[in-house]
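In order, the protein sequences belong to chains W and C.
Residues 0 to 208 in numbering that gives the first Met the number 0 are what the first sequence spells out, letter by letter.
Residues 0 to 467 in numbering that gives the first Met the number 0 are what the second sequence spells out, letter by letter.
Be a bit skeptical, because a hint or two may be false.
Partial chain C-side listing against chain W, Cβ under 10 Å, derived [said to hold, decoys possible]:
{"no.": "1", "residue": "P69"}
{"no.": "2", "residue": "V73"}
{"no.": "3", "residue": "S79"}
{"no.": "4", "residue": "T83"}
{"no.": "5", "residue": "I85"}
{"no.": "6", "residue": "R156"}
{"no.": "7", "residue": "V251"}
{"no.": "8", "residue": "C253"}
{"no.": "9", "residue": "I303"}
Hint data in this document are derived by calculation from the structure and do not stem from the laboratory.
Backbone N, C-alpha and C define an ideal beta-carbon position, used for all residues, glycine too.
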Amino acid sequence: MSSSSRVLGDDSYLSKIDRLFLRLETVLTLAGGIVIFLLVFLATANVLGRWIFSLPISGYIDWVEQAMAFFAFLGIAYTQREGGHIRMDMLVGKIQGRPLWVTELVSVILMLSVTLVLIYGSFLHFLRAYQIGDSSMDINLPIWPAKLVVPVALSILALRLILQIWAYSRAVIAGGDNPIAVPLIEDAAAVAAAEAKSLLGQDEMGEGK
Amino acid sequence: MSLFEALGQMDSISIGLWVTGLMLVLVVIGVRVAFAAAMAGFMGLVWIFSAKMGFDRGVLVAIKMAGTIPHSKVSTLSLSLIPTFILIGFLAYHAGLTRALFEAAKRWVGWLPGGMGVATVLSAAGFAAVSGASVATSAVFARIAIPEMLKLGYDKRFAAGVVAASGTLASLIPPSAILVIYAIIVEQDVGALLMAGFLPGAFSALVYAGMIILMAKTRKDFGPPVTGYNWAQRFESLPAAFPIFFVVGIIVVCIYGGVGTPTEAGSLGAFVILCIALKKGMRWNELKGALMETAKLTVMIFTIIWGVLLYVRFLGFADLPSAFSDWITSLDQSPMMTLVFILLAYAVLGMFMDAIGMLLLTLPVVYPAVIALNGGDAVTAADSAFGISSVGCSIWFGIIVVKMAEFCLITPPIGLNCFVVAGVRPECSVQDVFRGVMPFFIADALTIAALVAMPGIVLWLPELMGLS
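Please build the complete structure, drawing on both the sequences and the hints.
This is how it looks when you write it as structure tokens:
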């Protein structure tokens, strides 16, 4: 049930690295957003071209299929940083302090382990496509760049998870309720209020006030 | 016998149960759902393959198989629809359509008893046509509809309840991201499901409106109708709300008329809304914000899709879905009774889980069982248990399950829409909203019962398209 959570910062190394890394993640996520934007233009041009001039874009399907890996993966680390991947917070919402940070630490270590496996597996998947020069059905776009996106994006996610392991370990040692560089758990009311606030900010602008 | 040998000799269904149990434990301790499913799926594959070909080769085969899934499952053409729908939703706020819609609805239906409530429901239903998200719809209408209702003397609990409930309409009326996800998981036609959501969505809105009129008629001091608009004023209010009708028109023409793919419809819609938003003064900063939010939500949805599909790949080897189906169909009660129990289980689960996560985690096992209950994969309407063909059954079940998941957005303890309304309107406590939304529970229960009893409401449009 999580959308976006607060991440605290201070002037420690951990927090500095967190914010530096956030810049990279932000750029990648925005790149994903721009690919979505281009997809919208491509599909619009394709459908209009077909209707009006009976002239669809050649290789439209190939381009879309290659683009998908980019917007599906580039933002994966950013989404983890912001606490945006959904989970069930029924249990973790109830506990506090050290027990909570231990649970979170275990959970992030498990995520890292499966991510590492997938980095290796998806790299092999890329390598095969690269070595045999696999290409798309219609206009023979090379497939390997889209396949390479997966291990690259997952590697960045792995680095983010390592940062979070560092941060949660610190929190386990230090205790307390406000660790830095990790998304904090907020109850449904706080999440909803934050979400509503961000939407309404936009709405007000939309109404031209 | 060592532990390893014992593990290797387990039959595939037991492996399936153990791995599924592991996944549930991971989900409960708060591992992100996508990764819990991927981890369980990978471990299951390792288990199954190493039982067959020894540990070393088994692990390598499992890694290779798991490694192909994220890329191959994500690069599915029909999924490209999802980001376009999400982008429409985020841009719609900048296009300033909500206030225009509400104003138009007020002038057209405000004269009815409880007219402002009816206007809220109808304009939220209209806004749903450019927004696929319930929570967002509730947040926006809490801001514009509640103050007007309070000014006219409506009860604040009722006003908050109407808004929280109206938000749920977004998930059935196209474009609905959750219906696209359902279609992908059960391998049905995306266009058919989107069209199928149309009538039930409109039907829900009418049931809400009917409920409000009834309440206004039977209770004293409910809140006055809004009268005094003439026809000229009514028609004047339409042009500002026109883009909504245009986007609905595009989607219907593209999908229903078969002239474009759903992705093209979504893109054309996003393009139109983008032009309006730019005209209304949206600039790079706002556009950047919308793109970031769209990208984040898209990644979230795609990650959970490939994570769950990795688990589904394992399930296929473990035969668990067919074992569950066999068990369900062997139960000594009518199939309809079993279906009702399944839906009730969803109602309970939905109280604790996000709709997308809940559907993705359960459908791989539950969906084949429901199809089996109906009589199997290739059953005709005449021979089936529910009186509909297997394709019809998959569409029908999808709509009901999504309606059920939305129902949970307004039920305690974590009905998110209610929290959002309370978050936007400081004068309403969460308890007020939950109290105010109560009549709409009844309306929703009636709607769900009607959809279950009369599959025709769901299937009429897709059948007209020749899709089921």
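A quick look at each hint next to the structure:
1. Nearest Cβ of chain W to the Cβ of P69/C: about 5 Å, under the 10 Å cut. The hint holds.
2. Below 10 Å, beta-carbon pairs count as interface contacts, and V73/C has one with chain W at about 4 Å; its hint therefore holds.
3. With 10 Å as the threshold, the beta carbon of S79/C comes within range of chain W, its nearest partner Cβ sitting at about 5 Å, so the hint holds.
4. Taken as an interface hint, T83/C checks out: its beta carbon lies about 6 Å from the nearest beta carbon of chain W, inside 10 Å.
5. A cut of 10 Å between beta carbons decides the hint on I85/C: the least distance to chain W is about 8 Å, and the hint holds.
6. Using the Cβ-Cβ criterion of 10 Å, the hint placing R156/C at the interface with chain W is not satisfied: the shortest such distance is roughly 17 Å.
7. The closest approach between the C-beta of V251/C and any C-beta of chain W is roughly 14 Å, which is over the 10 Å cut-off, so the hint fails.
8. This hint holds: C253/C has a C-beta 7 Å from the nearest C-beta of chain W, less than the 10 Å allowed.
9. Annotation: interface hint on I303/C holds; nearest CB of chain W at approximately 7 Å, less than 10 Å.
The structure fails hints 6, 7 (numbered hints given earlier, in ascending order).
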